[in-house]
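Visitor: All chains should be built: construct the whole structure from the sequences, respecting the hints.
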Amino acid sequence: MIPYIRPGTFRVLTLQTINLENNKITKETLAHEAFSNLPNLSGLYLSSNMVTDILPFTFTNVPNLRQLMLNKNRLHYIKSSKFIDLPELRSLWLISNQI
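Residue 37 in this note's numbering is what sits at position 37 of the sequence shown, and the numbering runs on without skipping anything.
Simulated crosslink set (SDA-like; lysine to any residue; CA at most 20 Å straight-line):
#, residue 1, residue 2
1, Lys-79, Glu-33
2, Lys-82, Ser-42
3, Lys-79, Pro-56
4, Lys-82, Arg-66
5, Lys-72, Tyr-45
6, Lys-79, Leu-30
7, Lys-24, Ser-47
8, Lys-27, Phe-83
9, Lys-27, Ser-48
10, Lys-72, Ile-54
11, Lys-27, Lys-82
12, Lys-72, Ser-96
13, Lys-27, Met-50
14, Lys-27, Pro-7
15, Lys-82, Ile-95
16, Lys-27, Ile-5
17, Lys-27, Lys-72
18, Lys-72, Pro-3
19, Lys-82, Pro-7
20, Lys-27, Leu-55
21, Lys-82, Leu-55
22, Lys-24, Met-1
23, Lys-24, Asn-71
24, Lys-72, Leu-94
25, Lys-79, Trp-93
26, Lys-27, Thr-52
27, Lys-27, Ile-54
28, Lys-79, Gln-67
29, Lys-72, Leu-92
30, Lys-82, Thr-52
31, Lys-82, Pro-63
32, Lys-82, Thr-26
33, Lys-24, Arg-6
34, Lys-72, Thr-29
Ranges between beta-carbon positions, derived for each pair:
#, residue 1, residue 2, range
35, Arg-11, Leu-94, 24 to 30 Å
36, Arg-6, Asn-40, 16 to 22 Å
37, Arg-74, Asn-19, 18 to 24 Å
38, Leu-55, Pro-87, 17 to 23 Å
39, Gln-98, Ser-42, 26 to 32 Å
40, Leu-94, Glu-28, 15 to 21 Å
Worth flagging that the hints you see were computed from the coordinates, not collected in a lab.
Where is the CB? At the ideal position from N, CA and C, for every residue including glycine.
Guide: Put into structure tokens, the structure is as follows:
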């Protein structure tokens, strides 16, 4: 299981999908700008983790992200401003959270 994601871990410019479902990722271990500078990323799957909040700048420079799955986490509240840097976001999945 993956407990921590460092900034720049996924600096493969052609990467289109990242699936990190069923790990031990939390807001504290989801590093600032962990998914930054991924211009081709269109799908990010973070379901079944332990995320309680989305920190600022988590999704910086991910302009083509269309699907973000955060199902089965521990989210209580999310400000819409957390997704302001995602102009192409079309699907945000928040099923089975505490919202």
